[in-house]
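**Q** In terms of numbering that gives the first Met the number 0, the sequence shown has 15 at position 16, counting the first letter as 1, and numbering is strictly consecutive.
Careful, some of the hints might be misleading.
Said to hold, decoys possible - Pairwise CB distance ranges, derived in the manner of DEER restraints: (1) Thr10 to Leu33: 30 to 40 Å; (2) Met43 to Ala22: 28 to 38 Å; (3) Gln48 to Leu26: 28 to 38 Å; (4) Phe36 to Lys14: 53 to 63 Å; (5) Glu51 to Ala11: 54 to 64 Å; (6) Arg39 to Met17: 27 to 37 Å; (7) Lys14 to Ser52: 56 to 66 Å; (8) Ser52 to Ile18: 34 to 44 Å; (9) Met29 to Met49: 29 to 39 Å; (10) Ser52 to Ile12: 50 to 60 Å; (11) Ala11 to Ala46: 47 to 57 Å; (12) Gln48 to Ala22: 46 to 56 Å; (13) Ala19 to Glu51: 42 to 52 Å; (14) Ser52 to Ala19: 48 to 58 Å.
Note that these hints are calculated values from the structure, not bench results.
Every residue gets a Cβ at the ideal spot worked out from N, C-alpha and C, and that includes glycine.
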Amino acid sequence: MTRITPSISVTAIEKARMIATRAFYDLLDMIFYLVGFITRFDLMSSARQMIESGPALSV
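Please take these sequences and the hints and turn them into a complete structure.
**A** Pasting the structure below:
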């Protein structure tokens, strides 16, 4: 196994870590966006159902 100079390996590791964290946060953002979109759609459909069957419930 060849030994690399610490400075090069440190910068490479830092860069890789930066890229990995950025990708991870992008993925989290996408997941949260999808979850929010799905729950919003769910809330809209359930609200529509409640409005349609409103008078029957509020007797």
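**Q** With respect to the beta-carbon atoms only, verify the hint that Arg39 and Met17 lie 27 to 37 Å apart.
**A** holds (32 Å)
**Q** Can the suggested window of 53 to 63 Å be confirmed for the beta-carbon pair Phe36 and Lys14?
**A** violated (33 Å)
**Q** For Gln48 and Leu26, compare the CB-CB distance with the range 28 to 38 Å and indicate the outcome.
**A** holds (33 Å)
**Q** Verify the CB-CB distance for Glu51 and Ala11 against the hinted window 54 to 64 Å.
**A** This hint holds: roughly 60 Å between Cβ atoms.
**Q** Are Met43 and Ala22 spaced within 28 to 38 Å by their CB atoms?
**A** holds (32 Å)
**Q** Within 29 to 39 Å or not, the Cβ separation of Met29 and Met49?
**A** holds (30 Å)
**Q** Could you tell me whether the CB distance from Ser52 to Ala19 stays inside 48 to 58 Å?
**A** holds (49 Å)
**Q** How does the Cβ-Cβ distance of Ser52 and Ile18 compare with 34 to 44 Å: does it lie in that range?
**A** violated (51 Å)
**Q** Is 46 to 56 Å respected by the C-beta to C-beta distance linking Gln48 and Ala22?
**A** At 39 Å between Cβs, range violated.
**Q** For Ala19 and Glu51, compare the CB-CB distance with the range 42 to 52 Å and indicate the outcome.
**A** holds (48 Å)
**Q** Lying within 30 to 40 Å: is that true of the beta-carbon distance Thr10 to Leu33?
**A** Holds, since Thr10 and Leu33 (Cβ atoms, about 35 Å apart) stay within the stated range.
**Q** Starting from the range 56 to 66 Å, see whether the pair Lys14 and Ser52 falls in it by beta-carbon distance.
**A** Between Lys14 and Ser52, where Cβ atoms are some 57 Å apart, the hint holds.
Hints 4, 8 and 12 from the earlier list are contradicted by this structure; the remaining hints agree with it.
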